[in-house]
Amino acid sequence: MSAVRPSAAAGYDCVVIGGGHNGLVCAAYLARAGRSVLVLEAAAQVGGAAVTHEFAPGYRVSACAHLLHQMSAQLIDELALAKHGLRFAATQMPTVALSGDGASLTLGATGLSGPARLSAHDLDAYPRFVERLARFARLLGPVLEQVPPELGTSAWSDRFALLGLGWRVRRLGRRDMRELLRIGAMNVYDLLNEQFESPLLKGALGLDAVLGTNFGPRSPGTVLTLLYRLAAQTGAGERSTAQPLGGMGAVCDSLARAAVAAGVTIRTAAPVSRVLVANDAACGVLLESGERIDARTVVSNADPKTTLLKLLGAEHLDTGFVRRVSHLRSNGLAAKLHLALDAAPRFSGLDAAAPGGRLLVAPSLDYIERAFNHSKYGEYSDAPAIEVTVPTFHDPGLAPAGGHVISAVVQYAPYALRAGWDVERERMADRVVDVLEQYSPGLRGMIRTRELLTPLDFERQFRITGGHWHHAELAFDQFFMLRPVPGAAQYGTLLPGLYLCGAGSHPGGGVMGTAGRNAARRILAKAA
Amino acid sequence: MSNEREPLPHYQEPLLQTPFHDRARALSQLDSFIPWSGYTTVDVFTTVEQEYFAIRNAATLYDLTPMVKYRVAGPGAQRYLNRLVTRDVAKLKVNRVSYCVWCDDSGHVIDDGTLFRLGEDEYRLCTAERQIDWLLDSASGFDVAVTEVTEQIAALALQGPTSCAVLKQLGLAGVERLKPFELRGFEAGGLRVTVSRTGFTGDLGYELWVAPEDAILLWDTLMTRGKSRGIRPIGSRALNLARIEAGFLAPNVDFVSAERTLRVGSSRSPLELGLGWLVDFEKGHFTGRRALLEERRRGPRRQLVGLDIDGNKPAVNALLYAERSARNEIGSVSSAMWSPTCKRNIALAMVDVPHITPGSSLWADVYLNRELVWERRMCRARVVERPFFAPDRRRATPPADV
Ligand SMILES: Cc1cc2nc3c(=O)[nH]c(=O)nc-3n(C[C@H](O)[C@H](O)[C@H](O)COP(=O)(O)OP(=O)(O)OC[C@H]3O[C@@H](n4cnc5c(N)ncnc54)[C@H](O)[C@@H]3O)c2cc1C
Chain A
1 MSAVRPSAAA
11 GYDCVVIGGG
21 HNGLVCAAYL
31 ARAGRSVLVL
41 EAAAQVGGAA
51 VTHEFAPGYR
61 VSACAHLLHQ
71 MSAQLIDELA
81 LAKHGLRFAA
91 TQMPTVALSG
101 DGASLTLGAT
111 GLSGPARLSA
121 HDLDAYPRFV
131 ERLARFARLL
141 GPVLEQVPPE
151 LGTSAWSDRF
161 ALLGLGWRVR
171 RLGRRDMREL
181 LRIGAMNVYD
191 LLNEQFESPL
201 LKGALGLDAV
211 LGTNFGPRSP
221 GTVLTLLYRL
231 AAQTGAGERS
241 TAQPLGGMGA
251 VCDSLARAAV
261 AAGVTIRTAA
271 PVSRVLVAND
281 AACGVLLESG
291 ERIDARTVVS
301 NADPKTTLLK
311 LLGAEHLDTG
321 FVRRVSHLRS
331 NGLAAKLHLA
341 LDAAPRFSGL
351 DAAAPGGRLL
361 VAPSLDYIER
371 AFNHSKYGEY
381 SDAPAIEVTV
391 PTFHDPGLAP
401 AGGHVISAVV
411 QYAPYALRAG
421 WDVERERMAD
431 RVVDVLEQYS
441 PGLRGMIRTR
451 ELLTPLDFER
461 QFRITGGHWH
471 HAELAFDQFF
481 MLRPVPGAAQ
491 YGTLLPGLYL
501 CGAGSHPGGG
511 VMGTAGRNAA
521 RRILAKAA
Chain B
529 MSNEREPLPH
539 YQEPLLQTPF
549 HDRARALSQL
559 DSFIPWSGYT
569 TVDVFTTVEQ
579 EYFAIRNAAT
589 LYDLTPMVKY
599 RVAGPGAQRY
609 LNRLVTRDVA
619 KLKVNRVSYC
629 VWCDDSGHVI
639 DDGTLFRLGE
649 DEYRLCTAER
659 QIDWLLDSAS
669 GFDVAVTEVT
679 EQIAALALQG
689 PTSCAVLKQL
699 GLAGVERLKP
709 FELRGFEAGG
719 LRVTVSRTGF
729 TGDLGYELWV
739 APEDAILLWD
749 TLMTRGKSRG
759 IRPIGSRALN
769 LARIEAGFLA
779 PNVDFVSAER
789 TLRVGSSRSP
799 LELGLGWLVD
809 FEKGHFTGRR
819 ALLEERRRGP
829 RRQLVGLDID
839 GNKPAVNALL
849 YAERSARNEI
859 GSVSSAMWSP
869 TCKRNIALAM
879 VDVPHITPGS
889 SLWADVYLNR
899 ELVWERRMCR
909 ARVVERPFFA
919 PDRRRATPPA
929 DV
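Chains A and B, in that order, are what the protein sequence lines are. Under the numbering used here, the first residue of the first sequence is numbered 1, with each subsequent residue one higher. Under the numbering used here, the first residue of the second sequence is numbered 529, with each subsequent residue one higher.
Hint data in this document are derived by calculation from the structure and do not stem from the laboratory. Here a beta-carbon is modelled for each residue, glycine too, at the ideal position from N, C-alpha and C.
Heads up, simulated DSS-like pairs for lysine-lysine below, C-alpha to C-alpha not over 27 angstroms straight-line:
| id | chain 1 | residue 1 | chain 2 | residue 2 |
| --- | --- | --- | --- | --- |
| 1 | A | Lys-376 | A | Lys-305 |
| 2 | A | Lys-305 | B | Lys-811 |
| 3 | B | Lys-841 | B | Lys-871 |
| 4 | B | Lys-811 | A | Lys-310 |
| 5 | B | Lys-811 | B | Lys-619 |
| 6 | B | Lys-707 | B | Lys-811 |
Counterexamples of contact, computed for chain A against chain B with all Cβ distances above 12 angstroms:
| id | residue |
| --- | --- |
| 7 | Asp-77 |
| 8 | Ala-109 |
| 9 | His-121 |
| 10 | Glu-426 |
| 11 | Leu-482 |
Using the sequences plus the hints, can you model the full thing?
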């Protein structure tokens, strides 16, 4: 991507393993602070799970993540991503809850609109509910931008960090504080049932709580995951849910340009096989090709299990720590279905503009919970919950003239499918198409090619152990100062000089870049 | 026992019997058996004193079978063990034995044990307690197989100044050339036995390892051939006295496994246990290394030391003070005895810094029960070097022909 810098012979200050978006963000910030940085990406292109790929001749789609709603405006600004080519095909995309009878429901920032018929109660309660959650999300927002404090230390910075959070909760005022404490540990099923009447509305809100997780709406902790997702979205501000022009890969292309402009060297098709250790500190990496690269600091964008158990190896770590890392829950449950269409898909009951939104197949909370049930026993669901986008609606360049693309996140599709994915992949794809056909009659006839990517495929393609959306489950016990595990929750690991900067670290996955940015801050603070 | 009986729930299963059980029961005058790692074993055969003096003056047999034994084998065995224990296993040669400890992430001792190198890639680890979960968790990422083989091997400790002579009587040619911590296989009179010059008594002694089928033959041969050398079986109590004199630690007596402690601060590091000489910081990473480095940098807060206490009443469970007025408590005794061989009142104790250097003088409150009248006595205690008893014969090769 750019000429090898003269410092290469003598090694680099920092080597970043993996050019996913977090690795690129981390590299860019490190380089801007004057470090010589090399990014080594295993794949032929950067981006990790935030890439655009051609899945049928002339048809391109975001291979994994497809909607950008969490990358903060500040980060985009700081790295001047607009200057480096980031454009949006659409912003402020509305969420549309599809209904089999065509009576869909659009969830806006401040209100609801039909054609679905809604009770006066729901119409009235919705804006207040959204408002309140937004207040809670704003409270959590700063937590995401923060290097988590370490428990059990006597460092004042750690205590202040916790005090700060307590203070912000206190400042919510009595009623909000009580409400936050009440709902914080609830499941989203109970919360939504107590707030709303419409199953369609509840299904749509509930899906956001469980998308990308190993949870159903009735699983404990799902209000927290919902708040967390909303908190991550607060930074996006006005832009809100957006579709990058050229697909998600365009975000990483602009990040790569920003990184290179800051002085970063990027090498693709350069898989790392080991982190090298000397005198109990990371001192470089070994590539699968046998090439050795020295560095004072090694940062890994790969998931925690890959980094710690495969690239570093248990030999350099303590047994108890390895135990914790091996027990990380990291099996994914979200699949991606891509359809290459001959014509524009039509969804019953949606007007011409609606397909440009984020379309949800989650007609009720029970529907989602039922879909989840199967996954507990290693089966996929015949009636999955789905988040659909039609990227070509805003960005026709992704398909040949007249053609269209559907990009759908499908839940639930367990990584460890009992029957094995190679046997079941096509059968599941048939089922998903059957479900979509109910909402978009005639869709099946338009399909030229289809592709179903399962968590197993994400593992193979993006080297994410278990293929999980967040690299490691985003749950209470793998959260904040426990993320991914105690001993590695401040981006550093137990091995001096080795850092984590990917989705497995706080604040988790989603194309957000915060883990990468926080990690860079931590590395720079340590060295200072 | 019929083989067809319904299996009992595990908590109703009777204790197992070792292959030596019938012989032990026949010789046990007191019928004094205690459980050890799921087996029933002898606490005292006749009297503790008789058995103790046999260790120091003749030859003794102690049934080691319940000692938990793990086979550690595979191309990654050495790397695995080096990451597990604090010592440098790369220095352990084939047919040698090494005493070692292993720690948790905080550098606190989980257990101690003896490590036998049986072959290029094969080791045996002997421990007092079961450790399989820690050993298996430690194996993740290494090309090694760890299996428990306790029931596949019967073992006897043959200890005492005449022990070598007894083995020679058995016809184990060249056994006198075995150096301390060396092991070798022998065959004599239809018996295949592995002999290691190891033990828990601090005296001349050996440990004998055989297949369970050969256990009775081994026992009988030793008892007959060893008669002229004063051989007798001993129980755990006499052995415990010998091990205190030798300055060895007993798990759950002198330290509690870090995997089992519940209270913060009650697990101990090897540095605190006075086992710093077992910790090799230069060999590369091992579990607990970073924590131990930090502890070494900070300096220990307390340490296990040997005490020589005035009087002749064992200072069992005594609290220790800096001054006679018992104002500042600075430690406590974990093992104590009157040593008949050293003629000293000795103890192992955990003592706070700075009272750990040899020569430091402290006070122990010793409780005496005089025909049910309790008396408390403040006795002066001095920190002394361990072991308390270390006769030259434990190292001499070949041992004197007695
Ligand atoms: C089905 C699905 C749908 C999703 N949808 C969305 C969405 O709509 N919006 C959203 O915001 N998020 C979404 N996500 C989540 C998002 O894709 C991820 O959380 C995010 O991309 C993770 O980014 P990362 O940089 O931390 O890690 P990754 O993108 O996984 O990057 C890690 C990089 O490290 C590289 N690597 C690994 N090992 C090595 C090695 N040994 N040597 C060299 N390189 C190596 C990999 O090749 C990869 O490029 C979705 C996830 C899934 C699974």
